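A.B. asks: Whole structure, please, built from the sequences with the hints as guidance.
These are the residues of each chain, in order.
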Amino acid sequence: MLSKNVGIIGYGSAAYDKKPRQTIFGYLGEAAAAALRSAGITKEEVNGISVDATNLAPDTAVTTAEYFGMSVSWAYKSTAAGAGPLISVSNAVRAVEAGQADYVLCVGGGAQDVAAFKRRIAQFTSAIQDYLVPHGYGGPPGLFGIIQRKHMELYGTTREQFGRIAVDLRANARLNDAALLRGPMSLDDYLHAPLIADPLRLYDCVMPCSGAEAVVIGPLDRVPRGKGVRVLSARERHNHPVGEVAPVRGGWELFRDELFEEAGYAHKDMDFVQLYDDFPIMAAIQLEDLGFCKKGEIGAFLDGHRLTHDGSFPLNTGGGQLSCGQAGGSAGLIGLVEATRQLRGEGERRQVRDAQRGVVSGFGMISYGHGLSTSAVILEKA
Amino acid sequence: MSTPAYPQPAVTSTNRPLIEGWQRGELMLQHCEDCKQVIFFPRHNCPHCWSTKLAWQRSKGQGTIVSFARVYKHVSEPFGAEAPTILAEIDLTDGVGMMARVITSDVASIASGMRVELVPMPEAARYPLPTFQPAK
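Chains as they are written, first to last, in this note's numbering: chain A, 1 to 382; chain B, 1001 to 1136.
The set of hints was computed from the structure by calculation and includes no laboratory data.
The model shown is predicted, which means the values in this text are computed figures rather than measured ones.
There's no promise every hint is true.
Claimed, not checked - If you want a taste of the chain B side facing chain A, the calculated C-beta under 10 Å gives, among others:
#1 1071
#2 1083
#3 1100
#4 1104
#5 1125
Yeah, the Cβ is synthetic: ideal placement off N, Cα and C, and Gly gets one too.
C.D. replies: Structure follows, in structure tokens:
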């Protein structure tokens, strides 16, 4: 077990916007204040900070502490984009266990209009800038279109099957007042949406937006029973498979056995799953690589399940990024925050009945033909 | 016909032979003299064995489309005006995979498994990086 006594003791979200109404620090501060209120602790008690934001430069975790007037003994900024926040959180648990800090604020977010988003995407890494953008790289949909086509041609997966993810997540979002996209979506809407990067259409692609998410890490006995969340196990993997262009796997398959073994639970014991759903194809690959079905068999798996909060396989119970939007560094944290909400029994209209534990997974750091970073944690109500 | 203002790669001491080779209409690839692997994108160290003995060799410029996307929405100009464009994963006969644009007047005809070759000069000079077309 990663830690018996230290875990997530509070969470909070900033209100999301299609167009930014404030700077990134405005969003980070809104989520952080909500997380401290949820934990019932004061700013003076927090002496550790981690920040996940891919467009924070030239600022850092330390200048974020400066901005918020915090004196800290531990500061960390992730390097793994959408896979980063789960790594930040597991490192924060280790830091508190080791006595490097008493309470750590883990916050992630972004403030971006469409022009800022396009600029950020075209300069995401030097390999993208030099070897993909000059070819007419359409941003992540160009790459994930290639990966989805490969999955469809290798395994016979259909757009109708991928559509199950987008449609059921939208059904979850309709019970979440914080989701930016709450209109009804049918499978027909999904199948016939405008083309973005064929085979991908509009509802295959996450919407860039602005917002932030935060959690507080600290001793679980600081909060009432049932309000803390234990991190049973955590793993990460970067740059796997080495050098492969457009792989239909990501690295979760290398650590999934250890992840479940250390947690002491099997797949069937999970009450929900919160995946990094920037595209349904990547949610599908995560389910395969995490071992919920065999590689290539996600189509039949999706045919056999409903993914709503009250369905046979509750997935991204707040609607995920696909319906809430992708607010830069908050995207890798939104699943963890939703998992915490569910495990504390605060899921309101979308509460998974008797939720005791679940998996959260992360993905990101898109570079030359490949999202390089994967991560996952297993959580349990404490 | 004037050449559109495509985004250009940064030219460095590492990738200069690739960029200058393409200005002659050639695809130049690094070959590791120690582990014999072919490397793309250009590196200072072989990503397989970290050797710095990397020799540039001219590729035949032939390969097969493994998978591809027809890109309708772009994040950089001037591609929006040319949409849909083809972005493909190409398995080169040299033994390495790369991503590149495939030029075609018929985007519906592009399919996985299709053989591709380099766009020849002088049309090649329009494009900033080695660019392909369906094999004749």
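A.B. asks: Would the hint on residue 1083(B) stand, with a C-beta cut-off of 10 Å toward chain A?
C.D. replies: Because about 8 Å separates residue 1083(B) from the closest Cβ in chain A, which is inside the 10 Å limit, the hint holds.
A.B. asks: Checking hints one by one. Is residue 1104(B) an interface residue toward chain A, by the C-beta closer than 10 Å rule?
C.D. replies: violated (13 Å)
A.B. asks: If you take the shortest Cβ to Cβ gap from residue 1100(B) to chain A, is it below 10 Å?
C.D. replies: OK, holds: residue 1100(B) within 10 Å of chain A, min 6 Å.
A.B. asks: Double-check residue 1125(B) for me: the hint is only fine if its C-beta lies closer than 10 Å to a C-beta in chain A.
C.D. replies: violated (14 Å)
A.B. asks: Taking the least C-beta to C-beta distance, is residue 1071(B) closer than 10 Å to chain A?
C.D. replies: Cβ of residue 1071(B) sits 4 Å from chain A, so the hint holds.
Hints 4, 5 from the earlier list are contradicted by this structure; the remaining hints agree with it.
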